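Engineer: Fit chain B with the ligand to the given chain A structure using the hints.
These protein sequence lines are chains A and B, in that order. Heads up: the first sequence begins at 155 in the working numbering, then just goes up one per residue. Heads up: the second sequence begins at 854 in the working numbering, then just goes up one per residue.
FYI, nobody ran anything at the bench for these hints, they're computed from the structure. Please read all numbers here as calculations on a predicted model, not as lab measurements. Please note: incorrect hints may appear among the correct ones.
[To be verified] Not the full set, but computed from the structure, chain B residues with beta-carbon under 8 angstroms of chain A:
no., residue
1, Ala-857
2, Arg-863
3, Leu-890
4, Met-893
5, Arg-1114
6, Pro-1116
7, Ile-1126
Quick reminder that beta carbons are idealized off the backbone N, C-alpha and C, glycines included.
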Amino acid sequence: MNAHTSADTERVEKLQGLGSSRRRVEDARFTQGKGNYVDDIKLPGMLFGDFVRSPYGHARIKSIDKKAALAVPGVVAVLTAEDLKPLNLHYMPTLAGDVQAVLADEKVLFQNQEVAFVVAENRYVAADAVDLVEVEYDELPALVDAFRAMDGNAPLLRDDIKDKKEGAHGPRRHHNHIFHWEEGDEASVNRALADAEVTVEELISYQRVHPCPLETCGCVASMDKVNGKLTLWGTFQAPHAVRTVASLITNIPEHNIRIVSPDIGGGFGNKVGVYPGYICAAVASIVTGVPIKWVEDRIENLTATAFARDYHMTGRLAAKRDGTITGLHCHVLADHGAFDACADPTKFPAGFFNICTGSYDIPVAYVGVDGVYTNKAPGGVAYRCSFRVTEAAYLIERMIDVLARKLDMDPAELRLKNLIRKEQFPYTSALGWEYDSGDYHTAMNKALEAVDYKTLRNEQARNRAAFDRGETRSLMGIGIAHFTEIVGAGPIKNCDILGLGMFDSCEIRIHPTGSATARLGTISQGQGHATTFAQILATEIGIPADDITLEEGDTDTAPYGLGTYGSRSTPVAGAATAMAGRKIRAKAQMIAAYLLEVHEGDLEWDVDRFQVKGNPEAHKTMKEIAFSAYNQAIPGLEPGLEAVSYYDPPNMTYPFGAYVCVVDIDVDTGVTDIRSFYALDDCGTRINPMIIEGQVHGGLTEALAIAMGQEISYDEIGNVQGGNLMDFFLPTAVETPFWQTDHTTTPSPHHPIGAKGVGESPNVGGVPAFSNAVNDAFAHKGLTHTQMPHDHWRVWKTAQRLGLTG
Amino acid sequence: MISAAFDYHRPGTLGEAIGLLTEHDGTAVVIAGGHSLIPMMKLRMATPEHLVDIQDIAELSGIAVSSDMIEIGATVTQSDLIASDELFSVCPILRETSLQTADPQIRNLGTIGGNVANGDPGNDMPAIMQLLDADYILQGTGGTRTVKARTFYEAAFFTAREEGEILTSIRIPTPPFGHGHSYQKQKRKVGDYATAAAGVILTRSAGTCTSASVALTNVADTPLWAEAAAKALLGSDLGAEAIGEAVDAARAITEPASDGRGPADYRTHVAGIMVQRAIQTAISRVA
Ligand SMILES: Cc1cc2nc3c(=O)[nH]c(=O)nc-3n(C[C@H](O)[C@H](O)[C@H](O)COP(=O)(O)OP(=O)(O)OC[C@H]3O[C@@H](n4cnc5c(N)ncnc54)[C@H](O)[C@@H]3O)c2cc1C
Chain A
155 MNAHTSADTE
165 RVEKLQGLGS
175 SRRRVEDARF
185 TQGKGNYVDD
195 IKLPGMLFGD
205 FVRSPYGHAR
215 IKSIDKKAAL
225 AVPGVVAVLT
235 AEDLKPLNLH
245 YMPTLAGDVQ
255 AVLADEKVLF
265 QNQEVAFVVA
275 ENRYVAADAV
285 DLVEVEYDEL
295 PALVDAFRAM
305 DGNAPLLRDD
315 IKDKKEGAHG
325 PRRHHNHIFH
335 WEEGDEASVN
345 RALADAEVTV
355 EELISYQRVH
365 PCPLETCGCV
375 ASMDKVNGKL
385 TLWGTFQAPH
395 AVRTVASLIT
405 NIPEHNIRIV
415 SPDIGGGFGN
425 KVGVYPGYIC
435 AAVASIVTGV
445 PIKWVEDRIE
455 NLTATAFARD
465 YHMTGRLAAK
475 RDGTITGLHC
485 HVLADHGAFD
495 ACADPTKFPA
505 GFFNICTGSY
515 DIPVAYVGVD
525 GVYTNKAPGG
535 VAYRCSFRVT
545 EAAYLIERMI
555 DVLARKLDMD
565 PAELRLKNLI
575 RKEQFPYTSA
585 LGWEYDSGDY
595 HTAMNKALEA
605 VDYKTLRNEQ
615 ARNRAAFDRG
625 ETRSLMGIGI
635 AHFTEIVGAG
645 PIKNCDILGL
655 GMFDSCEIRI
665 HPTGSATARL
675 GTISQGQGHA
685 TTFAQILATE
695 IGIPADDITL
705 EEGDTDTAPY
715 GLGTYGSRST
725 PVAGAATAMA
735 GRKIRAKAQM
745 IAAYLLEVHE
755 GDLEWDVDRF
765 QVKGNPEAHK
775 TMKEIAFSAY
785 NQAIPGLEPG
795 LEAVSYYDPP
805 NMTYPFGAYV
815 CVVDIDVDTG
825 VTDIRSFYAL
835 DDCGTRINPM
845 IIEGQVHGGL
855 TEALAIAMGQ
865 EISYDEIGNV
875 QGGNLMDFFL
885 PTAVETPFWQ
895 TDHTTTPSPH
905 HPIGAKGVGE
915 SPNVGGVPAF
925 SNAVNDAFAH
935 KGLTHTQMPH
945 DHWRVWKTAQ
955 RLGLTG
Chain B
854 MISAAFDYHR
864 PGTLGEAIGL
874 LTEHDGTAVV
884 IAGGHSLIPM
894 MKLRMATPEH
904 LVDIQDIAEL
914 SGIAVSSDMI
924 EIGATVTQSD
934 LIASDELFSV
944 CPILRETSLQ
954 TADPQIRNLG
964 TIGGNVANGD
974 PGNDMPAIMQ
984 LLDADYILQG
994 TGGTRTVKAR
1004 TFYEAAFFTA
1014 REEGEILTSI
1024 RIPTPPFGHG
1034 HSYQKQKRKV
1044 GDYATAAAGV
1054 ILTRSAGTCT
1064 SASVALTNVA
1074 DTPLWAEAAA
1084 KALLGSDLGA
1094 EAIGEAVDAA
1104 RAITEPASDG
1114 RGPADYRTHV
1124 AGIMVQRAIQ
1134 TAISRVA
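Next comes chain A alone, as it looks inside the complex:
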């Protein structure tokens, strides 16, 4: 019996399926510099495109003189809005139902906006010619303060839609207003606030940041004039959606467009949108008949392709004196920049921001969001988070701390008091989401125990006393966050992008010798799909993960899917993979029954084979079955062993976690030192623990960057600040603390394998944990909230305001 069990274990291990810390198959090429990124693509005769960009935040274009640029040897063309107008391509639709100028039409609306596109023999000539395109501007007053956007005398930004009273999401109140969106019962919330024993209110701003992937955005467009087919290689997080959009914009039939996402060096939401560079490269290729490459540089990436956040959130909580929360009210002023190019499911102009009741059982809630135009770059993408979920988590996790201060209650205790209880799941939130599963108290308590929370608070009390006695100039802060995400968009009933339902897909072909190829509608940007999805399949179909090749990103071969962002790959495409695997297994069972001459119902699945119940010696392995599928005629069955699944998830998934951060602050300099960080994540079934840990490390490091330093800001006349890596904070290994990771496992009840997605949790939960820690360090001195980023000078200014810098 024992021998039998160990043989079983051996077979299971050989598969490297669910739960195995299988090494990433991608790394063999990445660690050898053998990845194939867009900029590695070199086609015969390929030309290069480069942009002339606006030096102004807001200006009227008086004239554009291309002569000097065109005279440079090697320059092929200089495109402006005038050249695109006849094709009706000077504006393009955005994912948010707005339009965006491909090349500035009469006006520029943000610094570094695309004004002209130079096409030349190589990128060096193109760069020289860019300098020689002479553009004359009349500067206009720039609008950079979102709070001033709807003032009566605020400058008109969008001449092109100035008479449009109706936006994509309802009426517009002002020429700089984009939309108003609300959810919840405001009257009940107002009543709760009026009746409350305790209320708190705070303006919590989440600054404009940028996903800043290592690889910037770019593409190669190649129009084959012989067969009329346009191929576009690009850094696309959603290749199929790009194909559909490209077909709609260019009128090239969809079957004649091929979109390929090769290796992508990080996306984090930055590569979801459609950018002027793609359109210009495609147009230039269609016109010239030769391939055109466009790759942005770092400054262009940080200042022109999609930013994230820029939410000003006013939160109000109503509570009883014992800490029971009785209502949440929130209004958001959302700065969308010059064009509304947010990447959200179409019906959700503020994404899933209404997850802002977070992990807490809040009986009534209301959110209202107003989006406004400003003279800043467009965007508003989900930077390593599901749509606006990190903003929502930041709001509620900060508000809980603000309330704790007011009640003079420990923030951990206040959380434990209000967390949704295990027996309440599935739980419908006041703002309409059905949380599929959770066990929050177990996670929170495990976290508090792991960090020895009581001891930390005691140490902090001693530190504060010593500070007041003048014995130290360092203050200790403890930050807690218990976040709930909403990922895996999403059910077609409420989630679509430009009418495309947000399902996803997997197609599997089992080859005669028992290996397999699987293709998905998603695209990895570093998440390790080729590793983990093969693991899902290995467990489902009993073929070792090493014998399964996974392909994504080529619309000519992969089944249609909505791509990778918002932690949707595992919840949606991962589910499709399992379901397609099950179809394979169902057919395999029929084949095995025929081969073993038994009834299907007499067979049972065992790791990698079907065996006759009660007689395991009589079995057929998947490998044997695969061969039979191709080499013999089986009555009633088609030959071959293939399956495809399109998965429309019944619900989102709701990963959660409990994080604790301890920071020491040098009050004299504002320098912060993250002493420790503990992250407990519950992402349901864990497919590959090593990859999960890697994802958590990466996400926490981004959260550190956001909370402690990242910011894209603008001066009063619209000059962008922080648009380079000297100023935009990307932590190195030196600034990155040790991450202590942990987990609980609460499988999703509706997902075929119970997985929930994890890539974005650490960004969502990390930011409030860091910020709460910094705020906590000064809490005893009366601080309720100080804005991010918590870089040295802002922390010092906070200390100064509190009279601590002496």
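Structural biologist: For chain B with the ligand alone, coordinates are given in the frame of chain A:
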């Protein structure tokens, strides 16, 4: 982020290099490690037509140490400075400063000559050279001359060096044996220029400060030799009061820009804290 076109020269002797600079007067610049120049070229803030690379010129390399003089060739890299135990034994602040400059990859290429000739107030070595009262040796068609580090810097990227001149070496009077030293630099991350930084060397005898020098980085458009701050220390018992006076004196001469590192008042404040910590650390290191 692509530089304008340029021609590249790599002479083997100083004479040839000076010849090239003269021949292409006004359009040629020296390139050493390239780690300040090339970023400027990529932003097209510098558009030289000729680059004269001095890395192959043997006479510009090498470190020589004697009891009264340290001479460092212009092309000695920051990594070389860190590696030299001989240098460390007589003037440890050079290693301490180099270790806080840029990152290891940049230090492998960046040279001391480039760092001090560049004229960027963010560079760390100029303040150290003022601290140590170094001489810069400049050579051009007109021959060789010496300029004191303390008078070399005129404004951001403007120095006493003539266009056709090459900085060949740096001469530092060997600091007294047993001195205490410290370079305190606050920065946002590895590889960043200082929010504010301060260097201090001092000596003490029978409880009294017998010599002191203080200099500041990146809190004005040039490095700052803080003469008054040093005076506050000299002859004092190096107690809290003297340190406080030195800190105030140092702060008084700062004129920092407001940028991503913080507003001016903050950077002035931090400059004082850096001075205070540098003095305290230097005192703790006095033999
Ligand atoms: C990311 C990054 C971070 C950095 N951080 C820091 C930092 O924290 N602190 C710091 O001090 N520096 C920093 N640097 C700059 C770095 O130390 C440079 O290497 C150094 O400033 C210049 O040395 P170089 O040899 O590279 O000079 P180059 O870049 O080759 O030259 C710089 C300038 O000096 C001139 N020049 C060079 N050598 C001579 C010579 N012998 N005679 C006459 N003129 C000459 C050149 O013409 C040019 O104008 C950083 C650089 C980078 C890229």
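Engineer: Take the hints in turn and mark each one as holding or not.
Structural biologist: Do the hints match the structure? See the list:
1. Ala-857: 7 angstroms, holds
2. Arg-863: Interface hint status for B/Arg-863: violated (21 angstroms vs cutoff 8 angstroms).
3. Leu-890: Violated: closest Cβ of chain A sits about 16 angstroms from B/Leu-890, beyond 8 angstroms.
4. Met-893: The hint is violated - B/Met-893 has no Cβ within 8 angstroms of chain A, the shortest such distance being about 12 angstroms.
5. Arg-1114: 7 angstroms, holds
6. Pro-1116: With Cβ-Cβ at 7 angstroms, under 8 angstroms, it holds.
7. Ile-1126: 5 angstroms, holds
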